[in-house]
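Peer 1: Using my numbering, read the sequence shown as starting at 1 and increasing by one per residue.
These are calculated hints, taken from the structure and not from any lab test. Each statement offered as a hint is correct.
Straight-line C-alpha distance at most 30 Å; calculated DSBU-like pairs for lysine-lysine:
id: 1; residue 1: K6; residue 2: K72
id: 2; residue 1: K61; residue 2: K72
id: 3; residue 1: K25; residue 2: K40
id: 4; residue 1: K8; residue 2: K36
id: 5; residue 1: K61; residue 2: K36
Okay, the calculated beta carbon distance ranges per label pair:
id: 6; residue 1: K72; residue 2: E26; range: 19 to 25 Å
id: 7; residue 1: K61; residue 2: A137; range: 41 to 47 Å
id: 8; residue 1: A132; residue 2: R158; range: 39 to 45 Å
id: 9; residue 1: N181; residue 2: P100; range: 22 to 28 Å
We put the CB at the ideal spot given by N, CA and C, even for glycine.
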Amino acid sequence: MSEIDKRKLGAFIARLRRENGMTQKELAHRLMITDKAVSKWETGVSMPDTALLIPLSQILKVSVTELLLCEKREHVLPMEEEQVEAVVQTAVQYGDQKPPRCWQQPDQHKWGILCLVALAGGAAGRMALATAGIHSAHLDTAWLLNGLFAVYFCFLVRLRLPRYYDDNVLSFVADGPFRMNVVGLRFSNRNWGSIVKAMRIFLCVSLLILPFAASAWLCWLTAWAEPLLYGVWMAGLFATLLLAGKRRE
Numbered sequence: 001m002s003e004i005d006k007r008k009l010g011a012f013i014a015r016l017r018r019e020n021g022m023t024q025k026e027l028a029h030r031l032m033i034t035d036k037a038v039s040k041w042e043t044g045v046s047m048p049d050t051a052l053l054i055p056l057s058q059i060l061k062v063s064v065t066e067l068l069l070c071e072k073r074e075h076v077l078p079m080e081e082e083q084v085e086a087v088v089q090t091a092v093q094y095g096d097q098k099p100p101r102c103w104q105q106p107d108q109h110k111w112g113i114l115c116l117v118a119l120a121g122g123a124a125g126r127m128a129l130a131t132a133g134i135h136s137a138h139l140d141t142a143w144l145l146n147g148l149f150a151v152y153f154c155f156l157v158r159l160r161l162p163r164y165y166d167d168n169v170l171s172f173v174a175d176g177p178f179r180m181n182v183v184g185l186r187f188s189n190r191n192w193g194s195i196v197k198a199m200r201i202f203l204c205v206s207l208l209i210l211p212f213a214a215s216a217w218l219c220w221l222t223a224w225a226e227p228l229l230y231g232v233w234m235a236g237l238f239a240t241l242l243l244a245g246k247r248r249e
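With these hints in hand, go ahead and build the complete structure from the sequences.
Peer 2: Next up, the structure:
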């Protein structure tokens, strides 16, 4: 099985799903995907993404090895060398579907530099606020989250999604520990480039201006200004993501 047999894998998933008494819709709900995606797996049109292999195997009550081999191993015996090789090659093939990350591409290094400049400028602004006696837990939380997202989108993001996203209707992106789920938005390579660019701009700009805008905001408004400030930043982040994605969906 060094070359993945889509139909065999799909039939195996369908069999396990039925054995566990689940409908396609129920399986899709537990994986946070659409039932159409499950249907495409089971008919051999497409395959599960790498990020779904572990949760899928857990839900279907088999090991990832059994899932990749498309067969249950009722008696756990040492695997033959050929079987081990097949599993390894299958896993490698899955891994090869992952495009390189941003930091691995020289033409993208400018975004990393911009992110570092924004981080430095924002940190200086936050220190100036602290020196002036302005403290805000909500501001610190928003700025820290902003910085983490900026580092991901400027240094770690993959500029293309796996082909799996083009073959299915998915409203989430899973990349290691990074998870992004937006109801009503389909992620694919048609809109991913626009989303990445828009998020980079929003995050780098907000890294710089958030501390200074917060100083005026907190001085002008009353005690409820802190959670409102956090809410405005979250709304801006979500609106940027949604608008950029919908434009090319």
